[in-house]
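Sequence order for the protein chains is A and B. Here this note's numbering is used: position 155 in the first sequence is 155, and no number is missing along the way. Here this note's numbering is used: position 118 in the second sequence is 118, and no number is missing along the way.
Hints should not be assumed to be uniformly reliable.
Stated by the list, open to error - Not the full set, but computed from the structure, chain A residues with beta-carbon under 7 Å of chain B:
1) 51
2) 56
3) 139
Don't read these hints as lab results, they were simulated from the structure. Bear in mind that the values here come from a model prediction, so they are computed numbers and not experimental data. Note that beta-carbon positions come from the ideal geometry of N, C-alpha and C, so glycine has one too.
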Amino acid sequence: MRCNDCRDALDLYVDNELAPGEMADVREHLAQCAECQSAHREIVATSRAMRAHLVRYAAPDVLRARIRNAIAEEATRDERPALRRWPWMQLVAAGVVIAAASSALTFAAIRYESPSAQLTSTVVASHIHSLVPGHLTDVQSTNTHNVKPWFNGRVDLSPLVPNLDSLGFPLLGGRVDYIGTHQAAVVVYGRRQHVINVYSWTAGDRQTREPVTSSDKGFHVVHWTSDGIESWVVSDLNAQELDQFVRLLRTVR
Amino acid sequence: MADRDVERFERTILPHLDDAYTLARYLVRDEHDAQDVVQDAVLRAFRHFHGYAGGDARAWLLAIVRNCCLTWQRSRPDRNTIPLTADTAEARGPASDQLAIDSSERAVVTRALAELPPEFREVVVLREVEDLSYKEISDVIGVPIGTVMSRLARARKRLAALLGAGEREAS
Chain A
1 MRCNDCRDAL DLYVDNELAP GEMADVREHL AQCAECQSAH REIVATSRAM RAHLVRYAAP
61 DVLRARIRNA IAEEATRDER PALRRWPWMQ LVAAGVVIAA ASSALTFAAI RYESPSAQLT
121 STVVASHIHS LVPGHLTDVQ STNTHNVKPW FNGRVDLSPL VPNLDSLGFP LLGGRVDYIG
181 THQAAVVVYG RRQHVINVYS WTAGDRQTRE PVTSSDKGFH VVHWTSDGIE SWVVSDLNAQ
241 ELDQFVRLLR TVR
Chain B
1 MADRDVERFE RTILPHLDDA YTLARYLVRD EHDAQDVVQD AVLRAFRHFH GYAGGDARAW
61 LLAIVRNCCL TWQRSRPDRN TIPLTADTAE ARGPASDQLA IDSSERAVVT RALAELPPEF
121 REVVVLREVE DLSYKEISDV IGVPIGTVMS RLARARKRLA ALLGAGEREA S
């Protein structure tokens, strides 16, 4: 093999793209040619530097959630009208519901009390809308101390913004939203590819109401009232983990 | 579209979302734009999923992502000059103390890559970051294997020169 042929084949040699016979030819030539060896070293070094230092990114949870949602919406467009509403809402939750087959029984056992079915669907609609790109957060931060003060002067209450990152529920940010006539502070958490929206607004009275779980269109909703604040938590996360999240939210300060 | 198509799409295509996002990050060089581009690309992939005849799902998705990146770039030529910062916070990489040690070298490598023309940069990312074969790269960017070969070789020569210059500056 001549030097010119060797040089032409060096990148392929480094990338293991040559036929076995050609690999052997290059190897043989390299063993006896210092100049080609040096060219070979340079290619190897460059390739290694790229591999060692170029970051492989992980698709963010919010992106995954948006994509799942967009696909579910897209899928309904092709549905026959009669089949429309139910199948796609199920699709949104399908992965979760199937994956959480074990929790399904637990979930079924929960008694549904829906004091305000209408409010539930309004909150769920708001949750779905929040997954549209650019709508999830007005303040995007994983830091409690950025998110909590952001609400000052924007809403008439100071929502709970505990740091649950170490417990697997990273903070994604916050926004202000309207649920019917309520101006709600919304704190957004993530869990794997799922988005959890925590809505809170000033309650009409100071009565305490324990958490009630319900579901609407495949989303799980938990709401309760305490300390004069009405809270609603919505996610397509499975019911068990959402329960766990609510417990953490109410205990961690 | 039937439920099982959605299910098949999620099973075949979505596992490659990290690869898709990585490619977009290097081609559009902005975190939020990369997210928008990937979402757009995945939706396109979903709409054209019936045209996917099996085979390499990753290369198929990456080809769509790459086209969306090109479209995005054409739509905002003024934003092509955004400097690429070595953003390691969300990276799936070695432990953070190791990152700190690597970070200066990482910045040099990242800057060198950013200086390459887009047609060189994409082959480097596809080869060195995504670890695609020449054949797969040729499928993704739609050029003959010979072109992939020569672009990669020329890209590496330029990178070697840029990295060499960086080292001399540093010493």
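Checked hints:
no. : hint : verdict
1   : 51   : holds (5 Å)
2   : 56   : holds (5 Å)
3   : 139  : violated (15 Å)
Hint compliance for this structure: hint 3 is the single one not met.
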